[in-house]
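What follows is each chain in one-letter form.
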Amino acid sequence: MSEFLQLLLSGLTVGAVYALVALGFTLIYNASDVINFAQGDFVMIGGMATVFLMAAGLPLPLAALLAVLAAVVVGLLLHRLAIEPARGASPVTLIMITIGASIFIRGVAQIVFDKQFHTLPAFSGSDPINIGGAAILPQSLWVLAGAFLLFAGLYFFLSRTLTGKALVATAANRLAARLVGINVTVMLAMAFGLSAAMGALAGILVAPITLTRYDIGTLFALKGFAAAMVGGMGSPQGALVGGLLIGILESFGAGYISSAYKDAVAFLAILLVLFVMPRGLFGSRSVERV
Amino acid sequence: MSRTATRRRVLHAAALAALSLTVFSPAIAADPIKIGSVVSATGSTAFLGDPEAKTLKLMADQINAKGGVLGRPIELILYDDSGDANKARTFATRLVEDDEVVAVVGGTSTGATMAMIPVFEDAEIPFVSLAGAIEIVDPVRPYVFKTPHTDKTACQKIFEDMKGRGIAKIGMISGTDGFGKSMRKQCLGVVGDYGIEVIADESYGPTDADMTPQLNKIKNTDGIQAVINPGFGQGPAIVTRNYAQLGMTTPLYQSHGVASKSFVELAGPAAEGVRLPAPALLIADKLSDDDRQKAVVTEYKKAYEAATGEPVSTFGGYAYDGLGLLVAAIEKAGSDDSSDIRDALEGTKAHVGVTGIYTMSEEDHLGLGTESFRLLRIEKGDWVADGAD
Amino acid sequence: MIDRILNSRLAPLLVLAFLVAVIPLVAPSNFYLRVAALVWVFSIAAFGLTILMGYAGQVSLGHAGFLGIGAYSVALGPEYLGLDPLVSLCLGVFVSAAIAWVVGRPILKLRGYYLAIATLGFGMIVSLVLNGESAITGGPDGMQVPRATLFGLKLSGSATWYWVTAGVMLVGAALALNIGNSPTGRALRALHDSEVAAAGTGIDVAARKLNAFVLAAIYAAVAGGLLALMNGLITPDAAGFMNSIELVAMVIIGGLGSVVGAVVGAAFLVVLPQALTSLHDYEQAVLGLLIMVFMIFLPAGIVPTLRRKMTERAA
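Residue numbers (full-length UniProt numbering), protein chains in the order written: chain W, 1 to 290; chain Y, 1 to 389; chain Z, 1 to 315.
Do not take every clue at face value.
What the hints assert, rightly or not - Just so you have them, the derived chain Y footprint on chain W, three or more residues with Cβ under 8 angstroms:
| no. | stretch |
| --- | --- |
| 1 | 111-120 |
| 2 | 189-202 |
| 3 | 208-215 |
As the list claims (entries may be wrong) - Stretch by stretch, here's where chain Y covers chain Z in the computed footprint (C-beta under 8 angstroms, at least three residues):
| no. | stretch |
| --- | --- |
| 4 | 21-32 |
| 5 | 139-145 |
| 6 | 235-241 |
| 7 | 269-279 |
To be verified - A short list of chain Y residues far from chain W (calculated; beta carbon distances all over 10 angstroms):
| no. | residue |
| --- | --- |
| 8 | A30 |
| 9 | E135 |
| 10 | G164 |
| 11 | E346 |
Hints listed in this document are in silico derivations from the structure and should not be mistaken for laboratory results.
Note that beta-carbon positions come from the ideal geometry of N, C-alpha and C, so glycine has one too.
Work out the full structure: start from the sequences and follow the hints.
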């Protein structure tokens, strides 16, 4: 039982990060129909920038804030310089652009930062808490709480604020949104900025547990993407559930079967979902987006 | 000179100019001795290749500032394979065919090394590898040498210590990266010689962020007296943290793969009490004055840390010894002829490096034994000599 | 005159044959032959994607997986089955085609992003298996590949491999051009433009797409096998995600649907790291930037854009 609980808790922690990345995917995808492969690199920027700002003498909260801002700037630039000029391009072209952006960000990061692993101090100590025989780090609670708050905040923003509703409207029908006076370009930029902020926050929350390096983005992007896919592209609830599900599956896979193929879990999940129920768990939109 | 030869030469120059924008270290007057290098300064093994590249550049500058070798400057031609064995092989070909180097030091990973070996063997150019696996020098190839301890030696050193402490049943958790896999195999091969039994054998992927599931299995196995973790990169740091998180108190042994300050930083307080075999380099300031390696180790540490602002690691040390061995061999041979350098390398006797004291022979192209390892323990965030002996 | 040659069906093949013949004459050393041989090898893999992406309009972000299957077959065949390396290569090509046929059916029902992601997932799984099954594949350190012999002649040395790869590349190019000009090619192009319209004219869309996918897998496996034989060693990064991305980048940078473009794109990406040696820290940033710039500003690719410029001038 304690083993089950241990696996469940560690799966939930990692899964919460996947969920945040998936949420970022969802936000951008809904607003612009772009699948942003540089999403994982926002996670990296969040963690790495905080590490280096702290090394420069800033306190954690300030360093974290600046790191999130840095990621938002990168997100906005990505939209303005790479996505906006290629408006109307095919999905493959857009994918390749964001993959190019991801490679570029990584390339710059290894020069601006360095090529070594780094860690952040845990926010509230590292003495494990015992829950039913399972040992959980206080930082895991931070990650879970952070993911939940971000999700709730996003939900509130999208459904209760005017700007949020405008964003949803843009996602639903760009032309109609423009007709009712919504500035679509601003809305798209906002989606990129918000999504970058979420990725960066996830990166900061998880860096004390998983360590960070200039190239961790790819894996987070792929796992987060799998989560978004499993949950159903475009659905925020789907992103949350998909992320947690992939995290738990990986953890149980490693614990009960073999850790050699832990990373394969996410990709098998993608293929399975695509073949069996292409809309994912919560997807409602049509699969065919030609 | 015939016209075709001239034309070929012009074309050569043109092609070189077109293909390579390389700015080599500023040309020094006297005909330089060309030494080539291919390391993974970027890519997934950059944390190994980066200190190697920095060390090689630093040393080349130092040697030239002191007047070079045989009165000639050395020209270091350094390429980055970005962790790709195919690229490593292309650069190896470039070093041989185009740059016409007399000797090579490099090969960050075992894969890159193995990809380059045939090129240097065919061209009969001495090659000092910086990668760990024992296959590189076993069986011995005439032109291939290496500086890092083998994983087998590391296993032996660890098991020696365990035996001294009366440990007979252990758990193992290893990385599935090349290093972890190779060391796991070597450890399982020699563990019986020490009367020790591995009763739990787990693994984790190179990018895993949480090893509590695997450690939990080990923890729940009856009779475990110690755990050994072959691996490098961030994996061992996470294993060490999870080990503390799960409240495991049996001794934890890490490998020489994590012998750098960054491991202590990444693992944090959880690293306290962790034991590992490592070269003298890590405890440079604590070596006794009559230690034969003291002078070399202190000098390298000081120079590297001053030049880069980063703490030394064993990986940079491998590169230091690789180039050091080559330079010593060139001096001893009194020539820059590749086969003379090879012969001199094979005849290396008691070369004091930062990794250990090398004595090579026709049967041994590494020349280090278990005595080159010191068993260290982490105490208050620093290394201290430990060992049951 | 130039116009007529440019527009002739044989033109691309003549251009490539000319390059193959001239390079050894001007190459100052064997290193340049090695680089050229790598260009030919990656061109072969890119031809497959030219058919799949350029003709049929189906993307694959996991194509290095097939390259890996071809490459590992020449290592595994001799090791475990005692087969000749070249026989193993044929076997590998067959296995690759069979896997493509099985996997292709469900995958090719998907479109756009979903197809891209499914192929990506496939490629990742191949690379994870090659990394993970270290007892068989040697894991991340890779496997040694025995030297191949052809008619009693040992295939070794950059010059030999230059000619072997160039020969296979030319045959591959001829086949790809032939397919492009055949009814199959026209059918593929038709479904590229609109699957619904293509189906309306009686084209069996699913079967045609599957054909293109299997062909692309065959090209990739041949390229992988040659790469492994030439290097004498194969590591799992040949099947990795980055390699898949580079293959797609080759096709797109050179020019989608153009056989010469595939070679130009392959040359571009193979030579880039050699040209950037002094700036090796910036190599990744430059690669990423180039991919973005080409996608945004030159989505047609180098060769088609140049050709358009030339015909415009001639007119």
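Hint-by-hint comparison with the structure:
With 6 residues having a beta carbon nearer than 8 angstroms to a beta carbon of chain Y, the stretch 111-120 of chain W meets the requirement of three or more and the stated coverage holds. Evaluation of the coverage hint for the stretch 189-202 of chain W: breached, as 0 residues show C-beta separations to chain Y shorter than 8 angstroms, against a requirement of three. Under the rule that three or more residues need a Cβ within less than 8 angstroms of chain Y, the assignment of the stretch 208-215 of chain W holds, with 5 such residues. Interface restraint, the stretch 21-32 of chain Z with chain Y: holds (7 residues with C-beta to C-beta distance below 8 angstroms; minimum three).
Remark: the stretch 139-145 of chain Z is confirmed as covered by chain Y, as 5 of its residues place a Cβ nearer than 8 angstroms to a Cβ of that chain, reaching the required three. Judged by the Cβ-Cβ criterion of 8 angstroms, the stretch 235-241 of chain Z is covered by chain Y as claimed, because 3 of its residues qualify and three suffice. Here the stretch 269-279 of chain Z counts 8 residues with a CB under 8 angstroms from a CB of chain Y, which clears the bar of 3, and the coverage holds. Against the 10 angstroms criterion, A30(Y) stays outside the reach of chain W, whose nearest CB is about 35 angstroms from its own CB.
No beta-carbon of chain W is positioned within 10 angstroms of the beta-carbon of E135(Y); the least distance is around 22 angstroms. Separation of G164(Y) from chain W is adequate, the least Cβ-Cβ distance of about 31 angstroms exceeding the 10 angstroms criterion. Even its closest Cβ contact with chain W, about 34 angstroms, leaves E346(Y) beyond 10 angstroms, as expected for a residue assigned away from the interface.
The structure fails to meet hint 2 from the earlier list, while all remaining hints are met.
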